[in-house]
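With the hints as extra help, turn the sequences into a complete structure.
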Amino acid sequence: MMPAYSFRVRLWSGATSVVIPILLAAGALAATSYHVSQRDRAFSLKAITVALGDVIHFDNNDDFIHQIYIESPDFNFDSKESYPGNSIDVTFAKRGTYFVRCHIHPKMSLEVTVE
Amino acid sequence: MSSKSLQRLSLAILMMTAAASGPKARADDTLYRDLGGRATLERIVDGAVAMWVTDARIAQTFDNLNLDRFKRRLTDQLCELAGGPCRYTGRNMYLTHKGLHLDIVEFNALVEDLQDAMNQVRVPFRTQNRLLAILAPMKRDIVTR
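Chains as they are written, first to last, in the working numbering: chain A, 430 to 544; chain B, 2 to 146.
Rather than coming from a laboratory, the hints here were simulated on the basis of the structure. Backbone N, C-alpha and C define an ideal beta-carbon position, used for all residues, glycine too. Hints may contain errors.
[Unchecked claim] Subject to a maximum C-alpha distance of 27 Å in a straight line, what follows is the list of computed DSSO-like cross-link-like pairs (lysine-lysine):
1) K72(B) / K509(A)
2) K140(B) / K475(A)
3) K72(B) / K536(A)
4) K99(B) / K140(B)
5) K536(A) / K99(B)
6) K72(B) / K523(A)
[Said to hold, decoys possible] Some chain B residues flagged as far from chain A (calculated, every beta-carbon gap over 12 Å):
7) D29
8) R34
9) R58
10) D64
11) F71
12) R88
13) P125
14) R131
15) I135
[Said to hold, decoys possible] Only some residues are given here: those of chain A computed to face chain B with a beta carbon under 8 Å:
16) D488
17) D491
18) F493
19) R530
20) I533
Here's what the structure looks like:
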């Protein structure tokens, strides 16, 4: 006969094997989207804090071409040129602090903190 | 008549004649060669940009702009317009300038400084005018205010 505690362990183990993926999936689904505007050769924000896995949409609401790049030891990104009306999506999949910049307009800078 | 007044008069005449005739396709690279090729065009652009960023009439236009990228694009454009073996890949003049809201004073400043830059590298007056005649019709797309 199987001891009671062993049955409880198996039940708990089985439950966690189901629940954890669901929680992970729920966490993935809960990723938040943010919009940062590019207008008048500047970002609409100076800094933003997001959660791991969140997405920032960089919307070109300007009359000028933009692009964005990130240079860091952990995360590098260098987009193509983005024309007015277009958007660049960036998923932040690593924790840290990053500076988003534009090759075309060197004074544009956005500090992104990923928690 | 002052040198600047002469430049403006010269530009006005060029604009009228160019507007009347419209832009024409160039089948040869004579102007490109007369200008001195790409190396001289780069010197002209370097000189013009150096003046534009310090010219109080238009310096603000160049604030927060990657000047190296701008110089490459402008050199490509002038090279292509002069019949040289280059390809300008930027947007058209209206889309490029509409957000700048330039007026005629700013446009004249751009042209005058460009002429001074060509003088600096000793481009003959007649050759300057041939290039300016190609550029002049762009005024209607560049001046939006």
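Each hint, compared with the structure:
no.	hint	verdict
1	K72(B) / K509(A)	holds (19 Å)
2	K140(B) / K475(A)	violated (36 Å)
3	K72(B) / K536(A)	holds (18 Å)
4	K99(B) / K140(B)	holds (12 Å)
5	K536(A) / K99(B)	holds (21 Å)
6	K72(B) / K523(A)	violated (36 Å)
7	D29	holds (32 Å)
8	R34	holds (32 Å)
9	R58	holds (19 Å)
10	D64	violated (8 Å)
11	F71	violated (9 Å)
12	R88	holds (16 Å)
13	P125	holds (35 Å)
14	R131	holds (30 Å)
15	I135	holds (24 Å)
16	D488	violated (16 Å)
17	D491	holds (7 Å)
18	F493	holds (5 Å)
19	R530	violated (11 Å)
20	I533	holds (5 Å)
The structure is inconsistent with the numbered hints 2, 6, 10, 11, 16 and 19, although it conforms to all the rest.
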